[in-house]
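Peer 1: Protein chains in written order, with our numbering: chain A, 1 to 107; chain B, 1 to 112.
Simulated from the structure, these hints should not be mistaken for lab results.
Note that CB positions come from ideal geometry on N, CA and C, so glycine has one too.
Check each hint, because a few of them may be wrong.
As the list claims (entries may be wrong) - Label pairs and their calculated CB-CB ranges:
{"no.": "1", "chain 1": "B", "residue 1": "ASP63", "chain 2": "A", "residue 2": "LYS54", "range": "34 to 44 Å"}
{"no.": "2", "chain 1": "A", "residue 1": "ARG22", "chain 2": "B", "residue 2": "GLY98", "range": "39 to 49 Å"}
{"no.": "3", "chain 1": "B", "residue 1": "LEU112", "chain 2": "A", "residue 2": "GLY52", "range": "43 to 53 Å"}
{"no.": "4", "chain 1": "B", "residue 1": "SER96", "chain 2": "A", "residue 2": "ASN56", "range": "17 to 27 Å"}
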Amino acid sequence: GIQVEQSPPDLILQEGANSTLRCNFSDSVNNLQWFHQNPWGQLINLFYIPSGTKQNGRLSATTVATERYSLLYISSSQTTDSGVYFCALAQGGKLIFGQGTELSVKP
Amino acid sequence: DTGVSQNPRHKITKRGQNVTFRCDPISEHNRLYWYRQTLGQGPEFLTYFQNEAQLEKSRLLSDRFSAERPKGSFSTLEIQRTEQGDSAMYLCASSSPGEKLFFGSGTQLSVL
């Protein structure tokens, strides 16, 4: 099956800093999504981005499908950005999740 | 649109008991998914439905687990003869085919 690898596994930032999270995958993709799981466990869909670049406020994402990676950029980080970020790729009708990047933003 | 709703939020049970969880998806979504998540791991796929048809079930899923979506709306996930290893967060999600997945808040199961 498809393999999804995320890096780094953990990241600690000072409030206001920028960061880049990476997702590498082993197969071609027609459905890639980024999620944020907040400290209370709720998973929020950030982006549906099988290719190209999208932006939503301080967050943006880029997927280069031919090179099998996706990047999530967080600019001017805030403490509310803390949590775990997952990328997930479609295999058949379901999404396969990576292990996540745990982000901690310090005030 | 009230989002994906799951009940109960928490369930504590004794080993060997049966438990059932309910999920109400976003009304216009015809796909409904069940995932399981343990601490420090990403969500693990269990099964999914398109309308009332169960299209795929994880081969890791024991026969103690069964899911239904009888009228293509809400779904139930039952675990029979629970074991301590079943303790986890059980997540439900819904989507339209090929579109964004939206998750509920989950049911946290603790098997004592």
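Peer 1: Of the numbered hints stated previously, which ones are contradicted by the structure, given in increasing order?
Peer 2: The structure conflicts with hint 2 only, although it agrees with all the remaining ones.
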